[in-house]
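Participant: Each of the two chains sits in its own frame; use the hints to bring them together as a complex.
These protein sequence lines are chains H and V, in that order.
Residues 1 to 264 (the working numbering) are what the first sequence spells out, left to right.
Residues 265 to 600 (the working numbering) are what the second sequence spells out, left to right.
No false leads were slipped in.
Simulated restraints, written as ranges between beta carbons of each label pair:
1) H/Asn40 x V/Ile585: 49 to 55 Å
2) V/Leu503 x H/Asp138: 29 to 35 Å
3) V/Arg598 x H/Asp210: 41 to 47 Å
Selected chain H positions facing chain V (Cβ under 8 Å, derived; list incomplete):
4) Ala52
5) Gln54
6) Ala74
7) Asp75
8) Val83
9) Phe85
10) Lys90
11) Val91
12) Pro106
13) Gln158
Derived lysine-lysine pairs resembling BS3-like cross-links, with alpha carbons at most 30 Å apart:
14) V/Lys596 x H/Lys90
15) V/Lys539 x H/Lys90
16) H/Lys137 x H/Lys79
17) V/Lys270 x H/Lys141
18) V/Lys482 x H/Lys90
19) V/Lys482 x H/Lys56
20) V/Lys482 x H/Lys49
21) V/Lys482 x H/Lys73
22) H/Lys137 x V/Lys596
23) H/Lys79 x V/Lys482
24) V/Lys482 x H/Lys147
25) V/Lys596 x H/Lys141
26) V/Lys270 x H/Lys137
27) H/Lys137 x V/Lys482
Simulated from the structure, these hints should not be mistaken for lab results.
Don't be surprised by glycine CBs; every beta carbon is placed ideally from N, CA and C.
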Amino acid sequence: MKNYYFSTKKMCVGYDNKPIIKDMEISLPRGEILCLIGPNGAGKSTVLKSIARQLKLLGGTAYIGQDDLSQMKADELAKRMSVVFTERVKVELKSCRDMVATGRYPYTGWFGILSEDDERIVDEVMELTHITDISEKDFDKISDGQKQRVMLARAICQEPEIVILDEPTSYLDIKYKLEFLLLLQEMRKKRGLTVIMSLHELELAKIVSDKILCLKGEYVERYGTPEEIFESDFIEQLFDINEKNFFGNEKLFAYVKQIGRYER
Amino acid sequence: MNLNRKSRSITAFFLLGACVFIFFILNICIGSVGIALPDMARAFGGRESNETITRILWDIRLPRATAVLILGGALSLAGYLLQTFFNNPIAGPFVLGISSGAKMVVALVMVFLMGKGIRVTSAAMIFAAFMGAMLSMGFVLLMSHRIHNMSMLVVSGVMIGYICSAVTELVVTFANDADIVNLHNWSRGSFSGMTWENVKVMTVVVAIVYLAVFLMSKPLGAYQLGDAYAQNVGVNLQLLRVCIVIFSSILSACIVAFAGPISFVGIAVPHLVKKLLNTTEPIRMIPACFVGGSAFCLFCDLLAKTILAPTELSISTVTAIFGAPVVLWIIKGRKA
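The following block holds chain V by itself, in its conformation from the complex (with noise of 0.2 Å):
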């Protein structure tokens, strides 16, 4: 068994590493001008090469399939650590609300900040969308207190997120003829348009965080078990609770304020994983879900930009083709 358990768990990352690697080529290489392999090696390797590759190579595909690669991550971990935290398996910063209310503080810092013609910093969007999102994980656990059925606590986060959207449509609508296209492709998620200096500031941030939550791994597992036993064992779960509410929001906010809210990677994903690798062990989960949440981002976004090209489609359409299905597979495998 644990022999087995091992030798799964090594072809199941090594399984999700090649998705990543082949994603990750693909969505370099594919594009509105497709890009050869040698193209490519050659860019890269500085030689008689094509400037206008170079260029498209270094200041667009690159850092757009690097943001995709860490935010993938990012989503579907923040989407495990709730899941951990409610006990529900169908719990997520989307269906929470938690992506909507991080969204919704973004876009009106963001019209309130551009009307006075104030640029706005990747550091400072990423702490607007975690305050947004600690005021709809704030309102989550309100209810949770007072509703114990899980089922209803996904509704009631649904709903925070319908308010929070409709608050956001209303900015959107109010802003500058100029901003709108910006906000309103960024609103409805997207990979596009990621700098050097986004990833640079994402990717601080995010290692930061997985770093700690995988530190974290042994009283993840143990309260699993739930709340008596963990601390029967010596868990902090005051302190775990915190821990855990703030890593996932702070996930979550820096998803939304780099691409937006992508619905059902953080559901998809951990379950997908979970099957793959056969087990719930943290110290397993943290990094599959990370490497898992990478290939099915860089998947969805190679989709995105590809099926309709060159008009992109936005990437939460893709992510909840793929994504929503495998939710309503997680409610009909449920015992009740």
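Isolated chain H, as found in the complex (with noise of 0.2 Å):
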């Protein structure tokens, strides 16, 4: 367990009491990038809520380091893990600036005022992130490939030690979905960022990912690096996927194979 940045134990996670996934055990360096792949309603998103603590676990413990997660402070884990979440964020009058900055509430002082580094900061994640030239659009009035955009600069200002998102790409074109997870990748090299998130995109996921977890049923469907996940017909098992529901299109189902396989 020393060498993990993040690591559970036995981790039970659902609503209500009612436990949606059981015994989930990851564990995961720092700096690399685990992504949860698994069909629609599999609780991708209440592992991801789980372990912001948006959730109670309903048993198990997760780890930071050696830290039990549900033991910590709510503002040392401000410092230290910052969130993407899909819902729409509903505010009034804020320029994309204004939301960006918002990520530095665990750094500034009582009344929340931004010093001169926090500026700065401020200003040189917006520049990673491209999205200077909407510095002082109205947050309401962007695209919503933009406001994820600016979410993930929120998030990245927060200069956490990892990042949970869910489903980061669902708004993003191409350009920016691919954009996007380099950019999720020089943070990770630059700043030795732990990011652990959602995807829909198979393809993309056994590009960019170290980890996956694939997520169906009760329990962790498998653990492993891509290989290992894109390999055989796993994947056409995980969504249920045959070729009786293509009624003979081979294209599609070719489609659905290569995905399926991992290649160097």
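Facilitator: Here's what the structure looks like:
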């Protein structure tokens, strides 16, 4: 356990005391990217929310380094972990820069006034996430894709060691999807950022992640490197896809086969 | 942008402050007896002043105007807190039935105690109103757990308000003749009959709550992003929620205890102030809402006193005329 940045022991997650996924054993070294994949409703968001302490664990423990996550103080955790969720944020009269700056919350004083250092970090992060040009635009009036990038910038601005992202690429077009993932990899390299996220795009999960966690049913279906996950017909099994679904549409089935294969 | 925002805030505060000052002076000068400024200056200077004018100023006009200043600010701040809490621009102590709940309990306590010949103190009134406010707030919170549609929440608040008002009417009807006149005026909302004793109590209560709310401006700002993000940056959500509920209830209670229920100020003023400042940052909004509420209520009370003088309009009549269109404006501006 010593070498892992994030790990869980017999973690059990769910809502209202009803477990959805039991006995999760995750171990993730610092600076690695973990992707959660699985069919709709498999509990990807539930797992992420539980790790981010939005939901109470129903059993087991999660650790950041040596520290029990559930025992950590809120302000201490805020300096180590940040989140990007899919829920839409409804705010009024806030510029994109204001939104990014809210990530400085754990570092500012009693009244939350930004210091010069804070301002500089906000500017840097906006530069890094390529949103400097929309800095002064009203957050309420930009596109969903732009919002997504602003929210990522907000999360990075919090200077976390680990970031939790729930389907971060969902509103982005292909260019921004790639840019987004590139950015995560860059952050990992530069700052040793550890990433846990759910992804719908299996092709992307295959490329960017170091570890993949497959969810389906009550227990973790499989946990391993992309090579271990994308082999034979496991992906088809995971998503309950078989030839019958395609009424003989060869092209589509070939597409699925191709996604499920791992190539170096 | 930053500089721009700063200068805009300064201008806005200056404007609001000037409004408060002007309306405050007008409120003191204008009434059933007009008092010219030189007379006023003489009355306060204490030299060769007219005894009647001095008495009118010191015992009637000044305490009343001061009370309007404090309660107007408190009312607007209560509205701002509730809007932030429910993330709903048309939430306020009046539409959510909180004022009416406070009114009901105050009426019950007053009729009961007056019937026994016991004098009700200001502090006791506030406490009774606070209990009533919490009662309504409890109902609204229960409803908000069940229904997530914001307009429906407001509708249920209005219903709670109607029930409480009906009970109040009933109680007032059965009260002694002598008490009715007083109770009736108060239950429609009025700033008349304020004493220095009242002003002292409300100043202490409102000042403490205002300070506490201002100290909460950082977590309130994070709360505007929604529960998930607020919690992620380290806000203690439960504590913050409890604080908002209690503080907005105390403010609402304080207003009802002294002036009765006053409609629309809690919604209209924060909205207008927000547009004026062009921001929703609590650290600017909290003081601006207070000053804005003071200015708005001083203006409305001036009209209430003068339009049909010597008869006085209920303050809610005037605030509704100016406040309700703002609410319609808000609804119109909403994206579905």
